[in-house]
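Chains A and B, in that order, are what the protein sequence lines are. If you count by this note's numbering, then the first sequence holds residues 1 to 725, one letter each, in order. If you count by this note's numbering, then the second sequence holds residues 1 to 725, one letter each, in order.
Incorrect hints may have been included.
Identical chains blur together in the list; that is why a pair holds if it fits in one copy or across any two.
Lysine-lysine pairs mimicking BS3-like chemistry, simulated, CA-CA at most 30 Å apart [what the hints assert, rightly or not]:
id, residue 1, residue 2
1, K234, K244
2, K374, K11
3, K485, K247
4, K152, K11
5, K234, K6
6, K374, K152
7, K152, K411
8, K241, K218
9, K230, K244
10, K152, K6
11, K218, K11
12, K485, K411
13, K413, K374
14, K485, K11
15, K6, K230
If you're looking for bench data, these hints aren't it; they were derived computationally from the structure. These numbers come from a predicted model, not from an experiment.
Protein chains: 2
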Amino acid sequence: MPDIGKLLWPKSVAVIGASSDTHILRGRVFEIIRSHPFAGAIYPVSRSAAEVQGLKAYPSIDALPEPLDMAVLIVPAEYVPAELERCGRAGIKAAVILSSGFAEAGEAGARMQREIAATARRYDMAVEGPNTEGFANIAASLCANFSPAMDKSAGPLTPAQALGRGEVSIISQSGGLGFAFFDRARPRNLRFRHVVTTGNEAVLEISDFIDYMLDEGKTDVFLLLIEAVKTPEKFKRVAEKALKAGKPLIVRKIGQTEPGRRAVASHTAVLAGSQAAYRAIFDRYGLIEGRDFDEMLDIAAGFLACGDRMPVGNRVGICTSSGGAGVWMADACAAAGLDVPVLDDATRATIDVHLPSYATSQNPVDSTAQGVQKLGYAQFARLVARSPSIDGVIVVITARRSAFLEADLPKLKELARESPKPVFMWTYTLPAARTVEILNEAGYPLFTDAQGCARTLRAMADYRLLRERALRASETTGPAPARAKVRAMLAQSGPVLCEYRARPLLSAYGIGADDVGELAHSRDAAVAAAQAIGRPVALKVQSDDIPHKTEAGAIALNLTGADAVRAAYDRVLASAKRHAPAARIDGVLVQPMAPPGREVILGINRDPTWGLMLMAGLGGVLVETLGDVALAPVPLDQAAARALLGRLRGAQVFGSHRGSPPADIEALADLMLALSQFAADHADDIAEIDLNPVIVHAQGEGISVVDALIVKRETETAERRGAAE
Amino acid sequence: MPDIGKLLWPKSVAVIGASSDTHILRGRVFEIIRSHPFAGAIYPVSRSAAEVQGLKAYPSIDALPEPLDMAVLIVPAEYVPAELERCGRAGIKAAVILSSGFAEAGEAGARMQREIAATARRYDMAVEGPNTEGFANIAASLCANFSPAMDKSAGPLTPAQALGRGEVSIISQSGGLGFAFFDRARPRNLRFRHVVTTGNEAVLEISDFIDYMLDEGKTDVFLLLIEAVKTPEKFKRVAEKALKAGKPLIVRKIGQTEPGRRAVASHTAVLAGSQAAYRAIFDRYGLIEGRDFDEMLDIAAGFLACGDRMPVGNRVGICTSSGGAGVWMADACAAAGLDVPVLDDATRATIDVHLPSYATSQNPVDSTAQGVQKLGYAQFARLVARSPSIDGVIVVITARRSAFLEADLPKLKELARESPKPVFMWTYTLPAARTVEILNEAGYPLFTDAQGCARTLRAMADYRLLRERALRASETTGPAPARAKVRAMLAQSGPVLCEYRARPLLSAYGIGADDVGELAHSRDAAVAAAQAIGRPVALKVQSDDIPHKTEAGAIALNLTGADAVRAAYDRVLASAKRHAPAARIDGVLVQPMAPPGREVILGINRDPTWGLMLMAGLGGVLVETLGDVALAPVPLDQAAARALLGRLRGAQVFGSHRGSPPADIEALADLMLALSQFAADHADDIAEIDLNPVIVHAQGEGISVVDALIVKRETETAERRGAAE
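All chains, please: the whole structure from these sequences, using the hints.
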């Protein structure tokens with residue numbers, strides 16, 4: 001692994017291709033580097049000019065007066081491989097390739113990109129790009145990029161009065177968006193450490209930079225913009241490392257929609273994977289998804305300000321002096337999934353003594369303008385924060401005038417120091433610059449968006465919970481005998497395992513062991529099996545060549561009596577043969593009909609990026625049409641299984657409804673665990689598993705696995721994968 | 001109707017209760033009025049001070065040196081009724097009551113509020129408030145309010161370089177939020193006309209102010225913040241007037257959630273109605289719902305800038321020089337329901353000649369930084385705007401540096417003048433102040449939020465469509481004989497009409513005329529009826545006392561053969577009698593089973609604010625649990641019926657699925673029309689109608705109304721309503 005420290009913390013930098021013309025990118029990048037107080041040496045390298053922007057230029061990297069740490073390349077793509085080779089030979093251990101025209105520009109470009117990667121490997125160089133906008137090490141005042149957002153005219157790199165003591169880093173594949181993030185954060189007085197844009201990622205990926213910065217130990221919050229993760233295993237490892245370290249990764253995956261994916265493919269030459277699978281990975285590793293720049297910055301500011309005083313739950317108290325603005329915030333909190341409970345009587349009594357008769361202490365606590373004038377924001381928030389009914393406080397303020405807050409500053413500071421619960425401030429008017437300073441000095445982020453404020457509180461409560469769960473979690477595998485048994489059976493199986501073949505494997509993990517049924521090879525055997533069962537049965541033709549029995553008419557349900565079974569036996573066989581004349585039919589499975597309940601679909605599928613995912617959805621054509629499914633990487637634990645079910649839009653179908661008892665969620669979660677463990681243990685051999693449907697009975701009555709199918713991973717594919725690794 | 005002109009355009013103003021202490025509201029309001037260049041006379045009225053803020057004060061309104069137009073009251077609530085009476089006697093025709101402590105503070109306050117209303121009526125006074133923050137007539141520089149956002153220090157009331165030629169007015173029940181809106185709009189250079197906050201609406205409501213401003217003819221876009229509409233009929237009339245005039249009402253209804261509603265109830269003493277019904281009314285009258293301040297201001301800016309050049313469809317072309325930012329915008333467009341189609345080949349060819357090899361013209365058109373440097377934004381947008389595949393253009397820019405745009409200004413102006421399609425600019429970095437000015441001068445709004453930009457384009461396309469539809473629509477009633485027949489039948493009915501009673505009424509409007517069935521009074525009659533039908537039947541006990549037959553076990557489905565019918569006849573009767581021993585049973589309805597299809601629930605319900613609403617939802621316990629229903633006020637037309645179905649989350653269930661044909665949406669829409677017309681024609685007599693379920697068959701095969709129930713409106717209620725009018 002090359003040393004990213006050489007890239008981000010060089011003692012000397014050369015710009016290969018630097019120009020005096022600051023209207024073109026080759027001039028801009030040199031101008032921007034020089035405009036900031038970077039302490040190291042900066043050299044222009046130019047084949048044509050003797051002097052660049054007033055500095056002596058060198059014709060080649062070899063001609064520099066001292067050994068160089070890092071080179072910025074901004075020459076046409078076709079010259080880049082040779083220049084990088086020259087850098088390697090000269091012992092330079094890091095480079096930023098700003099030039100475009102590589103993998104994103106067709107096969108010739110892709111070839112050059114592979115050349116770059118090989119050169120970097122050969123010389124163990126830390127290479128950022130190509131097709132990147134560069135990076136900024138804010139802590140070192142090194143701006144190796146051509147972003148207009150990093151222009152000196154855009155303002156200082158670090159705020160005079162920063163919020164909290166922590167630092168934020170941005171890592172983005174897109175250069176434009178990465179620096180836009182930094183730019184949009186300016187009014188918020190956050191302290192940034194690094195802004196890195198990774199471009200085509202010929203060598204270094206987003207994950208590498210996260211890893212480096214975690215080791216560096218100075219970044220407290222990460223903002224990530226991802227188009228497509230290149231090495232999923234590395235990403236998962238780094239995400240877990242961040243979660244364990246308690247350094248939140250706030251992420252947006254772009255290219256979520258069809259036109260968005262098309263655009264990603266065209267400008268980075270990579271395919272953006274399934275959005276649902278990305279979301280499942282984010283959920284698993286505690287990455288916090290943001291909707292847009294502002295929300296992500298809100299969340300970052302929340303974490304920075306609160307440090308380890310995270311909310312222990314979802315209940316929020318709202319202090320307001322404007323009735324309407326209190327309503328607005330209450331709506332935002334409810335929309336973010338926060339509770340806004342009526343406060344307890346004892347707390348209300350302590351508040352009421354300060355309020356005029358036309359105010360209310362219920363929650364939102366509306367002091368009216370008169371009430372807050374008497375109390376001040378700090379004292380108001382302190383009274384509400386004491387309530388045992390809430391886990392955090394949002395104070396609705398008008399930050400247009402700073403005088404009132406200025407007078408309150410000592411008390412605000414005291415509250416920020418002492419309150420064990422987070423206290424957030426949201427202004428409904430625009431803030432005066434001085435107000436932001438006062439609040440930041442006191443240790444509060446100032447939110448201007450109500451939803452961003454509410455979602456931040458929610459995200460922090462979720463993160464705390466998920467992190468605690470993750471720290472407790474441990475690697476699991478199924479019991480060794482079951483693993484060995486299934487491995488052996490899989491080795492002997494054909495590519496598709498229809499139900500009666502799949503069931504013994506699944507049963508080894510306790511999946512659907514009660515629902516096996518009996519395979520009949522004759523009409524009479526079917527009748528005998530049905531009679532032995534003694535209640536209505538289903539008949540299902542068994543053939544590895546007919547994985548979808550319903551479409552083939554190879555299934556008959558709800559049969560009672562010998563006549564019905566006999567007739568159905570003939571009918572399903574005839575229908576199956578008509579549907580697939582060449583199919584090899586192994587018999588007809590006779591099973592008891594499952595008692596009624598909620599229908600669920602469980603499945604295992606392989607995402608091209610992230611591998612095997614457990615999928616859960618609500619059954620029935622209607623919800624199939626709605627596409628209401630949720631994914632999680634395998635294996636998962638009870639909490640993750642329940643969280644997965646909770647993500648279904650129709651989740652409340654599991655609750656009690658019109659007097660019917662709630663569903664046996666525990667049994668369903670256990671089944672999901674077993675299935676996910678089965679998939680994880682045999683990941684290399686499994687392409688797909690369908691349990692469709694699973695019937696979830698009433699609480700305490702378990703589940704029925706009504707059908708099962710396993711599709712093996714083609715060996716060829718497995719081999720290809722092996723070769724690629 | 002009092003003259004709102006006297007309130008908003010007075011020649012002289014007195015502040016009753018004015019104080020020299022600018023730390024209290026009584027001092028603040030006087031200070032703010034005087035700090036702006038209002039041309040009229042301003043008088044302080046004070047019982048205790050001879051001079052207020054350097055001006056001679058008057059002990060009473062009667063002591064003023066000239067007849068007065070308008071009084072601002074800021075005295076304790078208990079003095080307000082007498083002061084207002086004094087104003088009325090003095091011939092003052094308008095007043096703003098800033099004081100709190102009225103209906104929001106309990107019964108004593110409510111009584112004072114009624115007194116105020118009576119006084120205003122008696123003297124024909126235009127009264128704003130009480131419990132309001134006042135208003136600002138920006139055009140007259142009159143700021144009769146105590147909002148910190150209207151402080152002179154917050155900046156000038158009108159921007160130096162305004163966007164477009166149009167003007168915006170804000171009307172809000174909440175004072176804090178209303179002025180916050182104005183404040184948040186400052187960086188956008190919109191030209192405002194009025195900001196009015198209506199408070200408790202003892203006299204003047206939001207609708208009155210909209211009406212006045214529509215007549216005034218100077219407001220082009222309205223921003224509304226509503227907690228609860230007081231007089232629904234007035235609101236509907238004014239909303240229709242605005243739609244016909246093409247003046248968009250951009251609205252947010254606050255108190256959408258449980259804690260939000262609780263807060264509204266507490267601070268304004270009114271109950272916020274059903275959010276779903278409000279949404280239905282907004283949809284009907286073309287009000288544009290915004291999610292937050294910024295989105296509403298985005299939409300306002302879009303309308304102002306585009307005037308009547310509204311997009312004719314949903315297809316957008318995206319110009320970008322940053323690949324990542326283009327993806328970001330494509331995602332935002334797709335999320336807003338816009339299409340981002342690949343451009344036509346002819347347009348692409350004209351663009352490609354300007355782009356480097358690693359750029360792409362598909363859409364988003366990604367010129368890369370190099371490409372846009374050559375083309376400039378205006379020429380780039382013009383090339384894309386020419387494509388017949390798109391209805392509007394979004395240009396992704398970086399507005400951090402203004403020089404590039406400055407050079408492009410003449411071409412940008414030309415494009416804004418000439419383009420028949422809207423062209424929007426979105427910046428991913430923060431904009432420099434100069435950039436905003438340049439773009440506004442050229443006629444473009446500058447969006448900083450991608451989603452706000454995309455949603456604005458979508459809202460404009462929707463508004464155009466809906467307005468065209470609304471202008472064509474006309475009042476409808478059912479045919480006169482049907483109306484008369486139903487009126488007579490309703491008059492003779494009891495409070496509940498069970499299915500066999502309800503069907504003849506509904507049949508008069510063509511509703512479910514084929515699905516009537518036959519009422520049997522004996523076992524044998526039921527068998528005979530079933531045999532005459534000749535296919536599987538359903539039996540349903542008929543009793544006005546058993547409106548919900550399923551719960552009572554008073555229904556049997558899918559019966560074939562005399563034995564089954566006979567047994568079921570006894571069973572359902574026994575079950576019904578067990579369930580409701582006192583029920584008067586009229587017989588058992590024998591009906592053919594409907595052929596299968598998609599199950600839908602149609603209903604008519606009465607919203608406490610908005611009256612009768614048609615409700616449509618997808619049938620089945622599952623979706624009942626999801627609560628996936630949509631509402632529309634009655635009556636509605638074909639287009640509205642289809643739009644209503646389109647709003648269902650599960651709408652795609654009507655499309656073809658797994659090879660099954662699509663549903664007969666046309667027949668369903670016709671049924672919705674007939675039902676809504678029935679309800680509208682007999683609105684005074686109807687409390688509720690349920691058609692549950694309706695089975696929608698395959699295209700061309702119509703629908704079956706499987707069950708029907710009408711609940712009459714209680715006469716008592718109708719009388720009470722009559723008395724209140």
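Going down the list of hints, with the structure as the test:
no.	hint	result
1	K234 - K244	within (15 Å within a copy, 59 Å between copies)
2	K374 - K11	neither (57 Å within a copy, 36 Å between copies)
3	K485 - K247	neither (42 Å within a copy, 73 Å between copies)
4	K152 - K11	within (21 Å within a copy, 51 Å between copies)
5	K234 - K6	within (21 Å within a copy, 71 Å between copies)
6	K374 - K152	between (44 Å within a copy, 25 Å between copies)
7	K152 - K411	between (37 Å within a copy, 29 Å between copies)
8	K241 - K218	within (15 Å within a copy, 60 Å between copies)
9	K230 - K244	within (22 Å within a copy, 54 Å between copies)
10	K152 - K6	within (25 Å within a copy, 53 Å between copies)
11	K218 - K11	within (20 Å within a copy, 63 Å between copies)
12	K485 - K411	neither (68 Å within a copy, 74 Å between copies)
13	K413 - K374	within (19 Å within a copy, 53 Å between copies)
14	K485 - K11	neither (59 Å within a copy, 94 Å between copies)
15	K6 - K230	within (23 Å within a copy, 68 Å between copies)
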